[in-house]
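Undergrad: Chains A and B supply the protein sequences, listed in that same order.
Take the first sequence: its letter number 486 is residue 486 in this note's numbering, and every next letter is one higher.
Take the second sequence: its letter number 394 is residue 394 in this note's numbering, and every next letter is one higher.
Bear in mind the hints are in silico, worked out from the structure with no lab data behind them.
Warning: the hint list may mix true and false statements.
Claimed, not checked - Derived contacts from chain B toward chain A, CB cut-off under 8 Å, selection only:
#1 Met134
#2 Pro213
#3 Asn398
#4 Tyr421
#5 Ser570
#6 Met674
#7 Ser682
Unchecked claim - Once the Cα atoms are required to be at most 35 Å apart in a straight line, the calculated DSBU-like pairs of lysine-lysine come out as:
#8 B/Lys195 <-> B/Lys473
#9 A/Lys607 <-> A/Lys554
#10 B/Lys635 <-> B/Lys722
#11 A/Lys473 <-> B/Lys450
#12 B/Lys546 <-> B/Lys403
#13 B/Lys392 <-> B/Lys554
#14 B/Lys52 <-> B/Lys196
#15 B/Lys618 <-> B/Lys590
#16 A/Lys403 <-> B/Lys52
#17 B/Lys473 <-> A/Lys403
#18 A/Lys546 <-> A/Lys498
#19 B/Lys473 <-> B/Lys291
#20 A/Lys607 <-> A/Lys546
#21 A/Lys450 <-> A/Lys273
#22 A/Lys208 <-> A/Lys260
#23 B/Lys52 <-> A/Lys208
#24 A/Lys208 <-> B/Lys260
#25 A/Lys208 <-> A/Lys273
#26 B/Lys722 <-> A/Lys273
#27 B/Lys273 <-> B/Lys450
#28 B/Lys260 <-> A/Lys689
As the list claims (entries may be wrong) - Derived Cβ-Cβ restraints for the label pairs, each shown as a range:
#29 A/Asp413 <-> B/Ala270: 39 to 45 Å
#30 B/Ser640 <-> A/Gln357: 54 to 60 Å
#31 A/Ala210 <-> B/Cys707: 17 to 23 Å
Ideal Cβ placement from N, Cα and C applies to all residues, glycine included.
Protein chains: 2
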Amino acid sequence: MPANKKMIATIDGNEAAAYVAYRVNEVCAIYPITPSSTMAELADEWSAKGIKNIWGNVPDIIEMQSEGGAAGTVHGALQTGSLTTTFTASQGLMLMLPNMYKIAGELTATVFHVAARSLAAQALSIFGDHQDVMAARTTGFAMLASASVQEAHDFALIAQAATLRSRIPFIHFFDGFRTSHEVNKLAMLSDEQIKKMIPDEFVFAHRKRALNPDHPFIRGTAQNPDVYFQGRETVNGFYDRTPGIVQDVMHAFEQMTGRKYELFEYSGAADAKHVIIIMGSGGETVEETAKALNLAGEKTGVIKVRLYRPFSTAHFLDALPATVQSIAVLDRTKESGATGEPMYQDVLATLVEGLQQGRLRSLPHVIGGRYGLSSKEFTPAMVKAVYDELKKPAHSTNGEQQKNHFTIGINDDVTHTSLDYDPAFVLDESEWRQALFFGLGADGTVGANKNSIKIIGENTDLYAQGYFVYDSKKSGARTVSHLRFGPHPIHAPYLISKADFIACHQFNFTEKVEMLDFIKKGGTFLLNSPYDKEEVWSHLPGHVQKAIIEKQLKCYVIDATAVARDTGMSGRINTIMQTCFFALSGVLPKDEAIAQIKQAIQKTYSKKGASVVDQNFKAVDATLAHLYEVTVPAKATSHSEMQSVVPDHAPDFVRNTTAMMLSGHGDDLPVSSMPQDGTYPSGTTRWEKRNISDLVPVWQPDLCIQCGNCAFVCPHSVIRAKFYNSGFLKDAPEGFQSAPINARGFPETKYTLQVYAEDCTGCNLCVEVCPAISLTDRTVKAINMAEKEPILKHAKENITFLKVALEQ
Amino acid sequence: MPANKKMIATIDGNEAAAYVAYRVNEVCAIYPITPSSTMAELADEWSAKGIKNIWGNVPDIIEMQSEGGAAGTVHGALQTGSLTTTFTASQGLMLMLPNMYKIAGELTATVFHVAARSLAAQALSIFGDHQDVMAARTTGFAMLASASVQEAHDFALIAQAATLRSRIPFIHFFDGFRTSHEVNKLAMLSDEQIKKMIPDEFVFAHRKRALNPDHPFIRGTAQNPDVYFQGRETVNGFYDRTPGIVQDVMHAFEQMTGRKYELFEYSGAADAKHVIIIMGSGGETVEETAKALNLAGEKTGVIKVRLYRPFSTAHFLDALPATVQSIAVLDRTKESGATGEPMYQDVLATLVEGLQQGRLRSLPHVIGGRYGLSSKEFTPAMVKAVYDELKKPAHSTNGEQQKNHFTIGINDDVTHTSLDYDPAFVLDESEWRQALFFGLGADGTVGANKNSIKIIGENTDLYAQGYFVYDSKKSGARTVSHLRFGPHPIHAPYLISKADFIACHQFNFTEKVEMLDFIKKGGTFLLNSPYDKEEVWSHLPGHVQKAIIEKQLKCYVIDATAVARDTGMSGRINTIMQTCFFALSGVLPKDEAIAQIKQAIQKTYSKKGASVVDQNFKAVDATLAHLYEVTVPAKATSHSEMQSVVPDHAPDFVRNTTAMMLSGHGDDLPVSSMPQDGTYPSGTTRWEKRNISDLVPVWQPDLCIQCGNCAFVCPHSVIRAKFYNSGFLKDAPEGFQSAPINARGFPETKYTLQVYAEDCTGCNLCVEVCPAISLTDRTVKAINMAEKEPILKHAKENITFLKVALEQ
C-alpha cells in the first residue's frame, strides 16, 4: 500500500485507481490486458497479502479465462449483491459488451476501470486512446473520464459513489499509458474519506436488489414485442437523474478534500472566443496552453469533459461562455464512415438543442478533429495550432477557412486532414527540473527512475512526474524515462522536449540516437562510458561533440559497467546511474539522497536476499568515486557520424519507413508512407541489428560434434550451421572458422557455425545446450581490447563471406 | 432453390438475402441465432445439396462454436482470398466486433448479412430493431439497410458488388422478423445478372490481396505510437469514395433490373415542409402514409436511408427538399445516456455542416424519436402522429411545441416521452384482400399459410405478403398469420388491423381472444368447430355472437379435427383449414386451388412417405363436404363472456400485467407497469393456464403402484402425488380419486395422483413411463360428451380441494 502517513504518494494512474477500487469492492473479476493489467495485478497482490477493504473484508480476486468470462463473473457476482469491479482495456472491453448491456439494463451499480487503449484495426496497438471506451458508449454505462493520476484516484471513488446512488453502472476511464503509467505525486484518500462517500444505506440497497432464495424473484427474462419497448423506456428517469447525482457527489467530494470537479469543467477567459472541448489527459495540456495564450492576450478556453455519459446538455450549455464564436471538439478516437467522431456529434447535438430551446442565440462555428491516437503525442504546440485554426474565418474563398474533420499531430499528405503546427512552441517550463534517461528495456533504468521519483515526491515538498516511453518489443528495446520535478502539481501529459539533465545508460546510443537534441543549453549530460574522462572525448561521434560544445553542456562520465562488475552487480547499472543523477542534479542534499537510495534498495531488493541489498549498497558507495566531469575541448574533433540503422542495400520500404521507426523518427513518417491495410513486406526484422547483448556466443570448432542443437535452440537465428566444399575457403577472410565435417566419406567438405552477433539477445540457451559454445564479452571496451582477436574483429566480414560465397 | 422460370418467387427476407449471398461467396462461416438462422440453415442445406455459386463451385459452410469463432473464420478465410460471408444478429454480432475492426482496418471486402435484432438489456428479446447493427457502427464497416424482402435480395448483391469495388466491408441488414420472416413476392435475380454485377477483375484483385506463401508478406502487425495514427488515417480515401461507388452500383443495378435505389431516397411532396428520416422497413410505412397525407393536401416527405455508413453528407443534403421546415429522425434503437439516438445525431451533424458550408440557408427544426423497438408495431397511424408533431410550432409557451426525444407506439406514462396517436387512422386498403389465421404454434397453420402465399404468389398475377406473429414460447403458443393479396407490390410492413377473412383454427380461442375486433364489416369468419352449423351458435360467447351480427359476417364452420381424425391425419388440421380458405376466399378458382394445394402437399410431405401424402390428399377431398355456412340469427343469445385469463386471487402483478400479456393486450401496457430493471415476481407461470393439449392424463388408481415416476417425469408439474389422512376425504368433491397408500402400517393414509390438466402439453412422457396413466381426449366436444364423467367434470374442484384442504 503506497500511502504514507501524510497521505501523499507518488504512484501511477493504475495504482491510484486500483487503490480505491480495491477498497470499495468485494469481488474483482479480472483478466490482464495492457495497459490495465497493473490494476488487476495489484488487486491480486493486495488480496493475497490480506489487505482489507473499507468494510474490513479481503476482496475475492477471480481470474477468468478471458474478459468474456470476467464480465460474466462481474454480472453474476453483482446479482448476488456483491460490490464488484473489473479492470480492462481495448479488445478486453469489447468482449465485455454483451454483459454490459445487461448490467446496464438491469440498473446494476458497478464501476469498470478502464485504461483506455486503441483497438486493433490495420494493426494492433497496446497504446492509449479512446477507441475502446467509445465502442462501449452504446451500452448504457455512464462514462467518467479522468485526466490525471490524481483524478484517476479521485474519480474511482466518485464513480463508485455515483453508481450506488444512481444505479447506473459506470466506466471510469483514463488514458492508457499516459495516465495509467504516468507516475505522479498525489494526495491519497484515507479509508475514512472513502467510507464517508459510500454510506451503508446505498450498499444495503444494492444488497437488497440481489437474487436471493429467501425472497425469490426472477431477473433476465425474455420479453416479446408487446412489452420490450416499454421495458426499455423504464430506465429514462435513472439516466436523467445521473448527471445531477454525479455533480452532487463531486460537490461532497470537494467539501471533504478541497478538490473541485465539474461535469464539464470550463477553464480559460471568461469572454473566450475560441473554445476547445476535450476529454482525458489532453485536457490538461489544453488548459495550460490556453492559460499561456490568454496571458499573451488571446481569448481562449477549454471545456474538460468529465462525465461523457449520460451527456448533460444542460450542464454543457451552462459551462460554455456566451461569448464563444468557434469551437473545436477534439476526439481521441476515429470512427471511419461516421459523420464525425462521437464527441463532435454530441457537441453539435447539444448546441442545436440549445439553439432550438432558445438557450443559445446563435450557433458557434464548430469543427471536429482527431488527436493522440494510440498515445501519439499531444503537445502545447498542437493545441496552439488548433486555437489558431479557430481564429480563421468560418468561410473564405481562398481556402483559408477553418478545416473540419482535421487531424493534429501527424502529417496527412494523402487526404490532407492534418493541421500544421510549430513544434518550437513550448510553454514556460522554468519552474521544472526535467531529466531524460536513455536505457534498455529490462536494464533496470525505469525501475530506478521510479524509485527516484518516489524518493523526491515523498521526501520533499517538490512535485514529481515520471513517464516511461517503451517500445512494445519491451525487453531489449530502448526505453526513455521522462522525469519532471517542480514546486507545484505538474499538469504536463506530454514528453519532455528540452531537458536540464540527460543520462545515457548505454554508450553505443551516442551513435544511434540524437539524444542531445532534447537538452537545454547549459544542461548536464551523464554518460555511462567504458572510456575514462580523458579518453572519452575522442570516442564520441562528431554530432555529440558539437552539441556538447554548442550547448555548453556539463559533461560527466562513469564506467558504471565496471563499477557494477567490481561490486558484484554483474551488469546491473541502474542503482549506480541513479546515484549519479542524485549527485549531479542537486534535487536533494547528497547525504540525504544516498540514505534514501539505500532505503529504496532495501525495499526493492530485500526479498532477493541480504547479499543483493549489500551489493547494491556497495555499488552506491563506490559510485561517486568513479564519477568524473569531462573537460570539454573548445572544438569538435571527431568526424564519425550517426550510424545508419539499416544498410544501403536494404529494400526501399526498410530504408524509408522501417529505418525511420528504428531510429526514433517514426513520428515524422507521413500518412503516405504507411501501408493502407496494415500490409508490410515480410522478413524486415533481419534489417534491424539491435546489438543489445554484451555477451555473444563463440564457436569452439575442436569441441563441436556438429549436432546442430545450438542453431536449433537459438530463438533469434544467431547461430547458423553450414557445410560446403573446402574449395570455397580460399577466399575466406582472416579468422573465418571452419572444421572438417563430422561424417565419413566427405573429406572435401567443411563445416562452419557462424555467429550473427548483432542479433544476439544474450539469452544463454546455446551455452546451456552445448559446451562447444562459449560466451564472450563484447562490450565496447571488450571489443576494443579484442581488436586483435580476429573472430570478433572480422565477424562482419565472416558473415558477409558466408552469405555471399556460400549461401548463393 | 425457390426461383421458378419466370424468376418470380414468394419467399421471406432471409431466403431472399441468402439466395444471393450463397451465390457470390465461397465460404460461409455460420452460427445460428434468431432471426438470422434461416440464412445460415439454407446455405448449409444448399451446400449439402451441391448447389453451386455463380462460378460453379459449391461454397464451404463452416459452423463454429459461437459467433466469435464464426467471425474469426471469416477473417481467416478472407485472408486466404476466399469470398466469405456470415449471417448473424444481436449478441452474435457483438461477438464479431473485435474481428470486424480488424477486417475493416485491413480493407477487406466482405458482406455480413444481419437480420437486425434487439440486444438483451432489461430482458432478452429475439425480435427486431437496430440495436445490434448500431453497436457495430463504430467498426468501420459500411452499413446498407434493406427495407423489404425485394431489397434484402437486391441489396445483398449491391453490397457484394460495392464491397469488392471499395474494399470497405459491409453490413447488409434488414429488420429482424419484419423483413427476415415476411414472405413476399419478388423478382429474383438470375445468375447472369448476379455475375454481371461481380466482374472477375474485382474478384482477382481480392485474391491478389490474400496472404500467400508464394509471395509472402505480413498483415496484422503491432504498431507503436510513432505510426499507428498515420496508419489509421490511410483509409480515409477509401471511405470517401464508398458512397459514390455504392451509388454507381445502384445505377448499374437499375439499368439491369429497372429497380431504382438511392443512398438517401426521397419520396413525397417536392415542396415538403415536414420530412421524416428513417431506415429499414419502417420507411415503407412512412412513404405510403406520406403519399396518403399529401393526397389530402399535406406537404410531407420521407428520406429512406439506405447507406447509413459511410454517411454521405453531400448525398443527404441533395436529397433533402429545400422547402423543409421541420424534420423528425426516427431511430429504431435506444442508447441511454447519449445526446440522442445515432441517426438523429448524424442528421444534426449533417445539417450543421450544410449550414456551415453554406449549402443550407437555415437550420430546419429537428426532433428525434424512437419507434419499433423489438418489433413493436409501427403503423400509418403512428407515422401520422409524427407528422402531426412536426406541424406544431418549434417553440410555444403553452407546451404545445414539438417534443424532442419522443417515443411513438407506446404509452410512456413515466417520463412522458410518447406521442399520442389515433389507432383508427388507416390507409386505403381497398385493393388488398387481407386474411388472419389464429392457430397454435406447431399446429401447422403457419406452414400451410406459407404454402397458400406461394400458391397465389407464384401462380397468379397477384402479389402476396405473409407475416406470422409468434410468441417466443414457440410450440403451443398462439400464432397469428397475416396474409395480404393485391394487384400491386405490397409495401405494408405492419400487421393487419381489418381483415376480410378470419380463420380460427382452435375453437377455444373464441373464449380467449377478441379475434373479431380485427374483421371488417361483411367479412368472412371460418371456425374450426366441434359443433355443427346448427349447434355452434349456442356455444359461441356473447361477444362473438354480437360481433358476427353487428358486422354482418359470413360465418362458416368445419369440424376439421373430425375430418383429420377420419382421414387418418390425427389432429393435423392445417391442410383442411387451408382448403377451406381457398374455397371461401375465391382468390383462385376452386379446382385450380385444389390442384395447387395438392402440389404443395406433394412437395412438403413427399419426404415423409406416400402414405402421408395420400392422407393429406384424402383430407383435402373430404374437406369441402364438411364445410358449412352458419345461418346467423338476428339476435345474440349467449350471456357467456370472455374467460378471465388468470383467476381473481392471482397477485396484483399477475392480474394487472401478466394477464394483459397473456390475453394479447401487452401492447397496451404503459411504461409504468413494467419493472424498471427486468425484475419479475417468480412463479408467475402457474397462473398461465394454457389448456393447449387435447389429450390429458387420467390416473387409474387400481393399476398404480404409487412409484411416483409419472409425477417425476412430467416436465410441467401436471401430475402431483399426495398422501393424507383419510379423514380429509369427507369433504372431497364428487369423483375425487383416492387409493389406500401402498405401504404397510398406515391403514388410515390415502394416496392421490391429481392431474392439473390445464398445464398439460400432451407430451406423452407420463404414459411412456407408466401403464397406470392413460390419455383422455378432452377436446371441447369430448368434454361435452364427458360431462357426466366426474373425473373430468370436477377436475377444477378436485384441484382446489387438493390444494386448499390437503396442502395447507
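Undergrad: Each hint: holds or not?
TA: Here's how the hints hold up against the structure:
1. Met134: Hint on B/Met134: holds, closest Cβ of chain A at ~6 Å, below 8 Å.
2. Pro213: Cβ of B/Pro213 sits 10 Å from chain A, so the hint is violated.
3. Asn398: Violated. Min distance 15 Å.
4. Tyr421: Violated, about 14 Å.
5. Ser570: violated (31 Å)
6. Met674: holds (5 Å)
7. Ser682: Holds - the Cβ of B/Ser682 comes within 8 Å of chain A, reaching about 5 Å at its closest.
8. B/Lys195 <-> B/Lys473: It is violated: about 42 Å lies between the C-alpha atoms, which goes past 35 Å.
9. A/Lys607 <-> A/Lys554: violated (38 Å)
10. B/Lys635 <-> B/Lys722: Violated, at about 49 Å.
11. A/Lys473 <-> B/Lys450: Violated - the C-alpha atoms of B/Lys450 and A/Lys473 are around 61 Å apart, more than 35 Å.
12. B/Lys546 <-> B/Lys403: Roughly 41 Å between the alpha carbons, so the hint for B/Lys546 and B/Lys403 is violated.
13. B/Lys392 <-> B/Lys554: violated (45 Å)
14. B/Lys52 <-> B/Lys196: Measuring from Cα to Cα gives roughly 17 Å; hence the hint holds.
15. B/Lys618 <-> B/Lys590: holds (16 Å)
16. A/Lys403 <-> B/Lys52: violated (51 Å)
17. B/Lys473 <-> A/Lys403: violated (55 Å)
18. A/Lys546 <-> A/Lys498: Measuring from Cα to Cα gives roughly 17 Å; hence the hint holds.
19. B/Lys473 <-> B/Lys291: violated (38 Å)
20. A/Lys607 <-> A/Lys546: This hinted pair is violated, its Cα atoms lying about 46 Å apart.
21. A/Lys450 <-> A/Lys273: Distance of about 41 Å is beyond 35 Å: violated.
22. A/Lys208 <-> A/Lys260: The hint holds at about 33 Å.
23. B/Lys52 <-> A/Lys208: Violated: B/Lys52 and A/Lys208 sit about 59 Å apart, past 35 Å.
24. A/Lys208 <-> B/Lys260: violated (58 Å)
25. A/Lys208 <-> A/Lys273: violated (51 Å)
26. B/Lys722 <-> A/Lys273: It is violated: about 83 Å lies between the C-alpha atoms, which goes past 35 Å.
27. B/Lys273 <-> B/Lys450: violated (41 Å)
28. B/Lys260 <-> A/Lys689: Answer violated: B/Lys260 to A/Lys689 is near 60 Å, above 35 Å.
29. A/Asp413 <-> B/Ala270: 39 to 45 Å: Given about 44 Å between the Cβ atoms, the range holds.
30. B/Ser640 <-> A/Gln357: 54 to 60 Å: holds (56 Å)
31. A/Ala210 <-> B/Cys707: 17 to 23 Å: Once the Cβ atoms are compared, 39 Å apart, the range 17 to 23 Å for B/Cys707 and A/Ala210 is violated.
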